[in-house]
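Since the structure of chain A is provided, determine the placement of chain B on it from the hints.
In case you want the letters, here they are:
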Amino acid sequence: MGRWIEEEGIPTTQISLVREHTAAIRPPRALWVPFMLGRPLGAPGDAPFQRRVVAAALSLLEKSAGPVLEDYPEEAPVPADVDGGEFACPVSFSRPVVAQGLAGALQREVAELAPWYDLAVRKHGRTTASLSGLAPAAMAQFIADFIANQATPVYRQDLAMALALRLVTQDLKAYYLEAVAVQPGARAAQAAREWFWRETAAGQAFFQLRDACLQQMDEAVKGFGARSLIPLAIAPRPDGYQKK
Amino acid sequence: MPRLESLGEWERELLLDMLKEIPAYEGQPWVAGGPLARRRVAIISTAGIHQAGDAPYADGMAAHDYRVIPADVQADQLVMSHLSSNYDRTGFQQDANVVFPIDRLQELAAEGVIGSVADFHYAFMGAARLAGLEPKVRQVAGLLKRDAVDAVLLTPV
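Taken in order, these protein sequences are the chains called A and B. Residue 176 in my numbering is what sits at position 176 of the first sequence, and the numbering runs on without skipping anything. Residue 7 in my numbering is what sits at position 7 of the second sequence, and the numbering runs on without skipping anything.
Extracted from the complex, chain A is given alone in its bound form (with noise of 0.2 angstroms):
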């Protein structure tokens, strides 16, 4: 992108995550990170911290030869609470799940995170579980529903089905993830992850989906199941979706 770019005449300067891709593209200048994928300016909430990492990639627009790739010496800080133990959410969610059916325990998990989720939209003044449109409770609804009877009608006449499940999936997640984030004793984002797909029926239902996903004849849909749903440190592609 920053090829096309200068080619146009601007002159650019890039923060990149992965070495190796920019290394092949040569961009004309670029700021390697050790930081992880996700977080392109490495610390969230740690407005010096990214000002650095801005105005080191910035810097870079003042070199007078090309190409430049240079590494940033600074590693993403831990958060002083982070103790690398084993998380455990303090909303203790009770299993046996199959017993009590995939949607009730969705639907009380999602019940049992709201005065965390409402703590977290009051901390942040925002929310990113918004993309559907719709509540927590009707997110999970559709999930279940879907899971249980794929001709299930989308929630929103606009979207098509693939991306319907797409949005619905990125907010309850969301939803999950923002809610545990204030709880007590904050755990590193890989721990968080591991939480959600390990140990909750969320996690359980969207590998249901996924199978669901896989069952459809829209390609798109059975695309998003394959490759979007389930991250790759947690599952790997089914056969024959290993590619990008």
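If you're looking for bench data, these hints aren't it; they were derived computationally from the structure. Incorrect hints may have been included.
[Unchecked claim] Computed from the model, here is a short list of chain B residues facing chain A with C-beta under 7 angstroms:
hint, residue
1, Tyr-87
2, Asp-88
3, Gln-94
4, Pro-101
5, Leu-144
6, Ala-148
7, Val-152
Nothing here was measured: the structure is a model prediction, and the numbers come from that model. In this text, a Cβ means the ideal position worked out from N, Cα and C, and glycines have one as well.
Positioned in the frame of chain A, the structure of chain B alone reads:
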């Protein structure tokens, strides 16, 4: 992170596989500019972000479309509808500036480190195909020139 060796096997394989999609670019574009303190800077993010009222990024051809983010946006009004589930979103949930550093850019302009902040910034959804993105990115370059932008900060996700 994400040093490749720090990732799990399946993530690492996908990222290495994506190397095969990168064409063998010829030449080395390079445009010189004046001092940073006089530059007008715009951000282009490929994080699939947009304002809450904007259409989410769709699949297929529509995945190549960009979204406009005005400079006076409240960072906390931004949401993310990227196709991929293979990166952390909890940082963005807590602070949009960890992905789209508009507040940091405004601070650097106020301090005189950069000249000014562009009126308009742009976002793409990085999972879109390169071939489809190219004409849209060149189109955005034309818009940036009309905004007198002479420095672009590209941020991934």
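**Report entry** Hint status (Cβ of Asp-88 of chain B to nearest Cβ of chain A, threshold 7 angstroms)
**Finding:** Holds. Min distance 3 angstroms.
Query raised in the report: Does Val-152 of chain B pass the interface hint, meaning its C-beta sits closer than 7 angstroms to a C-beta of chain A?
Result: The hint holds - Val-152 of chain B has a Cβ within 7 angstroms of chain A, the shortest such distance being about 4 angstroms.
Query raised in the report: Does the interface hint hold: is Pro-101 of chain B within less than 7 angstroms of chain A, judged Cβ to Cβ?
Result: OK, holds: Pro-101 of chain B within 7 angstroms of chain A, min 5 angstroms.
Query raised in the report: Hint check: is the beta carbon of Leu-144 of chain B less than 7 angstroms from a beta carbon of chain A?
Result: holds (6 angstroms)
Query raised in the report: Can Gln-94 of chain B be said to touch chain A, with a Cβ gap under 7 angstroms?
Result: With a closest approach of 4 angstroms, the Gln-94 of chain B hint holds.
**Report entry** Per-residue hint verdict: Ala-148 of chain B, partner chain A, C-beta under 7 angstroms
**Finding:** violated (10 angstroms)
Requested in this report: With a cut-off of 7 angstroms on the beta carbons, see whether Tyr-87 of chain B makes it to chain A.
Outcome: holds (4 angstroms)
Of the numbered hints given earlier, the model fails hint 6 alone.
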